[in-house]
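A.B. asks: Next come the chains, spelled out residue by residue.
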Amino acid sequence: MAKYLLLKHYRGAPAPANDVPMDRWTPEEISAHVQYMSDFAARLTSTGEFVDGQAVAPEGAWVRSDGAGRPPVTDGPFAETKDLIAGWMIIDVDDWDRAVELAGELSAAPGAGGRPIDEWLEVRPFLAQPTNFGE
Amino acid sequence: MVAGVDESLLRSLIPRVIGVLVRRGIDFAAAEDAVQDALLEAIRVWPDDTPRDPPAWLVAVAWRRWLDTVRSDAARRRREDVLDAAPMAEPPPDVDDTLQLYFLCAHPSLTPSSAVALTLRAVGGLTTRQIAQAYLVPETTMAQRISRAKRTVSAVRLDRPGEMATVLRVLYLVFNEGYSGDVDLAAEAIRVTRQLATAVDHPETSGLLALMLLHQARRAARTAPDGSLVPLPEQDRSRWDTTAIAEGVQILQAALARDRLGEYQAQAAIAALHADALTAAETDWVQIVEWYDELVRLTDSPVVRLNRAVAVGEADGARAGLAALAELDPALPRWTAVAAYLHERDGDPATAARLYVEAAAAAPDLAERDHLTRQAARLHRRG
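Sequence order for the protein chains is A and B.
Going left to right, the first sequence walks through residues 1 to 135 as UniProt numbering numbers them.
Going left to right, the second sequence walks through residues 1 to 383 as UniProt numbering numbers them.
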């Protein structure tokens with residue numbers, strides 16, 4: 001019983017096997033991809049392993065405090081950021097092997113030509129709640 | 001849960017009520033669903049109108065819910081006629097029904113997370129929402145996990161004795177999970193283990209209950225007000241729960257007297273020796289090492305050997321601890337943290353600080369990582 005974050009990158013991950021940007025896919029290929037992702041989440045709900053899944057826009061800003069009483073300072077967009085998150089899925093599974101198995105399936109979502117993208121996903125364990133025997 | 005309902009009374013009735021329905025011939029999955037519905041209804045209705053006979057109320061409501069389900073299924077109309085006509089005589093409540101439920105919910109065909117979820121619902125009498133909150137997953141996910149678990153065990157018959165070891169393993173997991181949400185899982189684990197220990201004559205079940213009580217007794221002292229971890233030697237022992245310790249020790253002694261030693265009794269014995277020391281310095285580490293030797297013999301677990309190395313370091317000095325550690329695989333979880341601790345005690349703060357940093361990076365939970373980082377920071381400031 002452990003939670004894992006499956007991270008999908010716009011940039012920063014090694015190049016996938018089927019490396020065609022989404023805007024060069026056919027509309028049908030995009031629909032097939034979206035359907036695959038939503039089926040995947042539904043299947044994980046039915047196996048009792050789904051926690052959360054979200055996609056985030058590539059555009060955003062850096063924000064930091066500028067001292068008390070002043071509005072925060074913003075900067076961006078992240079033009080020079082090497083690593084850019086596209087979205088995530090959080091799963092709750094029995095062990096690391098299962099997390100890897102599911103990440104593998106998610107990575108095989110169909111892309112250009114209807115073939116699996118086989119993109120690299122980052123799998124990161126959550127730092128768990130402290131257990132009762134930790135002392 | 002809603003104020004006005006005696007939560008633990010309500011929860012403790014759930015396995016019995018499931019047992020009654022199963023004896024009336026309803027399959028386990030359907031009976032468990034009906035009883036969950038009755039439980040939710042009880043939470044809703046009881047604060048205003050507590051029944052005089054709570055078990056009978058739950059059985060009646062669950063039975064009606066089940067009948068409703070069957071009636072809504074036209075294909076089963078014939079069966080319904082048969083069941084409506086069935087005699088309603090109540091079989092005497094049977095401890096074995098509840099016991100069989102423990103076995104079923106911890107069946108070896110289930111994954112640990114499924115067994116835990118099913119046990120909490122059918123034996124623990126928790127609602128799906130409470131279990132989902134405790135494990136920080138959506139309610140729909142938890143509901144599916146439970147119904148899959150029920151499908152997995154649907155072919156298992158309730159009339160055969162099961163594996164007590166798997167039941168205890170599941171209860172241990174529930175206890176170890178700590179607590180989040182509005183349900184204290186550790187307290188639930190103790191309640192359900194106590195219920196089991198009363199129903200069976202089994203020293204290891206008593207050993208597990210004693211172990212839980214002895215650990216729970218230290219819970220208040222284990223975290224500082226800011227949430228940080230307080231290691232055993234630094235705990236304020238006046239905050240230990242002496243009633244729980246006394247109960248744990250008494251249960252353990254009765255179990256040990258049966259002369260059927262197992263790993264939970266041995267672990268409880270170690271916890272009892274810690275509880276027995278008025279100050280950390282008075283801890284009987286020599287006896288603790290002996291119990292770890294027993295545990296190694298019983299489990300041959302590398303984690304136990306690692307804990308043994310810590311105890312050896314206290315009993316015979318840091319050098320001896322490091323020698324015991326050197327025989328173990330450095331890839332073991334917490335190996336580096338133990339090495340850091342022993343190197344500091346051996347008078348090598350530079351090595352200790354480096355190892356604490358390494359151990360923090362590999363820590364499995366946040367409180368532990370923060371604790372290890374503080375140890376490294378403490379040594380860096382000194383050096």
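Hints are computed from structural coordinates only; laboratory data are not their basis.
Don't take each hint at face value.
Partial selection, computed: residues in chain B whose CB lies under 7 Å from chain A [claimed, not checked]: (1) 140; (2) 362; (3) 366.
A short list of chain B residues far from chain A (calculated; beta carbon distances all over 10 Å) [to be verified]: (4) 112; (5) 114; (6) 165; (7) 177; (8) 250; (9) 316; (10) 329; (11) 344; (12) 365; (13) 369; (14) 374; (15) 379.
Small disclaimer: the values here were computed from a predicted structure and weren't measured.
Using N, Cα and C, we set each Cβ at its ideal position, and we do this for glycine too.
A.B. asks: Now tell me, hint by hint, if it's right for this structure.
C.D. replies: Hints and how they fare:
Taken as an interface hint, residue 140 of chain B checks out: its beta carbon lies about 6 Å from the nearest beta carbon of chain A, inside 7 Å. Restraint check, residue 362 of chain B versus chain A: the minimum CB separation of about 11 Å is more than 7 Å; hint violated. Taking 7 Å as the C-beta cut-off, the interface hint given for residue 366 of chain B holds, the closest approach to chain A being about 5 Å. The Cβ of residue 112 of chain B sits about 6 Å from the closest Cβ of chain A, inside the 10 Å cut-off, so the non-interface label is violated.
The claim that residue 114 of chain B is not at the interface with chain A is violated, since a C-beta of that chain comes within 10 Å of its own (minimum 7 Å). For residue 165 of chain B, the requirement that its beta carbon stay farther than 10 Å from each beta carbon of chain A is met, with the minimum near 19 Å. Not every CB of chain A lies more than 10 Å from the CB of residue 177 of chain B, the least distance being 7 Å, so the non-interface label is violated. Chain A leaves residue 250 of chain B outside its interface by the beta-carbon criterion, the shortest separation being 21 Å against a cut-off of 10 Å.
Non-interface call for residue 316 of chain B relative to chain A: holds, since the shortest CB-CB distance, roughly 22 Å, exceeds 10 Å. Listed as a non-interface residue, residue 329 of chain B keeps its Cβ farther than 10 Å from every Cβ of chain A; the least gap is roughly 17 Å. Once the 10 Å rule is applied to beta carbons, residue 344 of chain B is consistent with being away from chain A; the minimum gap is 18 Å. With a cut of 10 Å on Cβ distances, residue 365 of chain B falls inside the contact zone with chain A, its closest approach being about 4 Å.
Against chain A, the non-interface label of residue 369 of chain B is violated: not every CB pair exceeds 10 Å, the least being about 6 Å. The claim that residue 374 of chain B is not at the interface with chain A holds, since no C-beta of that chain comes within 10 Å of its own (minimum 15 Å). Its beta-carbon lying about 20 Å from the closest one in chain A, residue 379 of chain B satisfies the requirement of being farther than 10 Å from that chain.
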